[in-house]
Amino acid sequence: MNIIEVKNLKKIFFNEEVETRAVDGISFSVAKGEFVSIMGQSGSGKSTLLQVLGFLDKYTEGEYIFDGRSADSYSDDETAKIRNEKIGFIFQTFNLLPRVDVFENVKLPLIYSTVPESEWDKLTMKAIDSVGLSHRKDHVPAKLSGGERQRAAIARALVNEPSIIFADEPTGNLDSKSGEQVMNLISELNKKGHTIILITHETYTANYAERIIKIHDGKIISDERVEKRNDKEYFEK
Amino acid sequence: MNFRHSVKTAYSGISANKGRSILTLLGIVIGIASIMMIISIGRGTEELILNQINSMGADTVVIRPGQEPTGPSDIAGTIFADSLKERDIEALKKSQNVPHLIDIAPIVIVTGSVSYESETYRPQIFGWSMEFMAKMFKVYPQEGYFFDESDIKNKSSVAVIGSEVKKELFGESNAVGKYIKIRERKFRVIGVIAPRGQVAFLDPDKVVVVPYSTAQTYLLGIDYYNEVMTKVDSPEFMERTVEDIKATLREQHNITDSKKDDFFIVTQKGLVSQIETIIAALTLFLSSVVAISLVVGGIGVMNIMLVSVTERTREIGLRKALGATKKDILFQFLIEAVMLTAIGGIIGIISGALLSFIAAYILKEFMMLDWVFSFPIFAALLGFGVSAFVGLIFGIYPARKASNKSPMEALRYE
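So the protein lines, in turn, are chains A and B. This note's numbering puts the first residue of the first sequence at 2, with every later residue one more than the last. This note's numbering puts the first residue of the second sequence at 10, with every later residue one more than the last.
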């Protein structure tokens, strides 16, 4: 069963009469539970593709079927609901609210959800525990290290138990040690059944996935399975 | 998102920029406090004037000569109007004409000063009936006695003076039996009115009263009255008596068209409604001036909300990415604006109440007015409602702007 199916997807920006084809006729599908890296240089269109797939932006042409239903057919409120319930986002710049603590940041998706309020605190704590940040839950983001901030963002992405997690350069702003920690966490999420789509320009990071799609100038140039996965357990074996 | 969390989110938005929020509030605070003060002081003024009118008594009918004044310039006209004369009084006294009239006394106003030896004082000088005045203002002689009907009939040159006048002219020495001069004519002081304090536009402590007939003949050389005061046996016959008086006077003056009346009637009820109309109009006028300041305050709130929306573009994008709907964002910013102005409103109500209380205290203690502090609940509710409404109106545009941001555009914003 595919969670994502795109056929000839295009995203064209019009800027002062100049048209930019950020995504130019892409077709592929992602099965439920898969871990896919999308690789490309900056300006290749990989981030735009992720935004379209994550319902953050609309596409111009083609077909996008999410979870068996055409993305065209969703209303604004329905896409908000999908972003809330089925999708988790991890951003390069973390995007934590600076004025509230880790606990409130992680809880944020829940206040927009249909989850009963009585369960919010429990679910929030569970998510914070799973990224190992319980001791930091009362800290505001400014008091955290980069790695801790990204772990808080991961906790926020998984607090609603989404079926798919989009990670856009999650290690881009981190040192290699924190980056590895974050990637290990993401791998674990995949093992727990979450579908992961990871955007990166680093081969090392991309190799955590089981499949790498390479993009250049808005087009897919390769789509291959990873032979030597960059997996903690893989190395341990 | 539920309402409680919308409020919580809005509150954290406001408290994130405390200094800026407080400055924004100031406009609303000043506007609402001013409205509160206008209403409170308006109420106090009304109360003060109404108390004075009410002390005139519900059974008093005042007849004035001339046309009813419709503006300040007309009042001069009534002072020199000469339509009320002795034969009118005689006609009104007849019970077949005005059956419920129990007392009647004309008044003549004398301008000028009063002197005793080298002392001079400018009191209010009336040619009146002392019996009528004693009943109406509940005054009694502190020394000597009051003149009566026979003094009026004989046009005696006697005078009754207020306690203040006595003090000014005679100091501690005895006044009764001494001669004072009014308009170069000598009057014998026969009584001093016991101190009473202001009652219904008149301070009995500061008057000099002589028989009206004496004033007409010897002081002014006129045959008309400036005012005629009457008493009705019971307030329930008030309206009927007013009609009877009008009919009698029209017959006396051969008037067939009521528009050509050369007299007009003042009653307590009529005065009360006049005063109420004037104060309501004044309050409305002042409030509408203040409303301008609220609009300015509202624009300030809108301005700050727009800044806040721009500053929090990334936050809006993030919230949308995490599942906030357009409506969630719209409400977040709208509630924030309403909360901002409502807090301003509450502070304004409290400071308005405080300032009016201080004003009331000053008026009472230092101006010696019989002032009653009043702060109606409706005014507080109105102030709160108005301030929240200002937030709603001026918050809609920024909130709509926030809610229409595309999540991606917003997240990309630096």
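Hints should not be assumed to be uniformly reliable.
Here are the simulated DMTMM-like cross-link-like pairs (lysine to aspartate or glutamate), alpha carbons at most 25 Å apart as the crow flies [as the list claims (entries may be wrong)]:
#, chain 1, residue 1, chain 2, residue 2
1, B, Lys17, A, Glu6
2, B, Lys269, A, Asp78
3, A, Lys144, B, Asp157
4, B, Lys336, A, Asp139
5, A, Lys82, B, Asp112
Quick list of the computed label-pair ranges, beta carbon to beta carbon [to be verified]:
#, chain 1, residue 1, chain 2, residue 2, range
6, A, Thr115, B, Glu56, 55 to 65 Å
7, A, Ser76, B, Leu390, 50 to 60 Å
8, A, Met2, B, Lys336, 25 to 35 Å
9, A, Asn9, B, Gly28, 39 to 49 Å
10, A, Lys144, B, Gly28, 31 to 41 Å
These are computed hints drawn from the structure, not numbers from a lab. Every residue gets a Cβ at the ideal spot worked out from N, C-alpha and C, and that includes glycine.
Verification of the supplied hints:
{"no.": "1", "hint": "B:Lys17 - A:Glu6", "in the structure": "violated, 40 Å"}
{"no.": "2", "hint": "B:Lys269 - A:Asp78", "in the structure": "violated, 75 Å"}
{"no.": "3", "hint": "A:Lys144 - B:Asp157", "in the structure": "violated, 95 Å"}
{"no.": "4", "hint": "B:Lys336 - A:Asp139", "in the structure": "violated, 29 Å"}
{"no.": "5", "hint": "A:Lys82 - B:Asp112", "in the structure": "violated, 86 Å"}
{"no.": "6", "hint": "A:Thr115 - B:Glu56: 55 to 65 Å", "in the structure": "holds, 56 Å"}
{"no.": "7", "hint": "A:Ser76 - B:Leu390: 50 to 60 Å", "in the structure": "violated, 40 Å"}
{"no.": "8", "hint": "A:Met2 - B:Lys336: 25 to 35 Å", "in the structure": "holds, 33 Å"}
{"no.": "9", "hint": "A:Asn9 - B:Gly28: 39 to 49 Å", "in the structure": "violated, 54 Å"}
{"no.": "10", "hint": "A:Lys144 - B:Gly28: 31 to 41 Å", "in the structure": "violated, 23 Å"}
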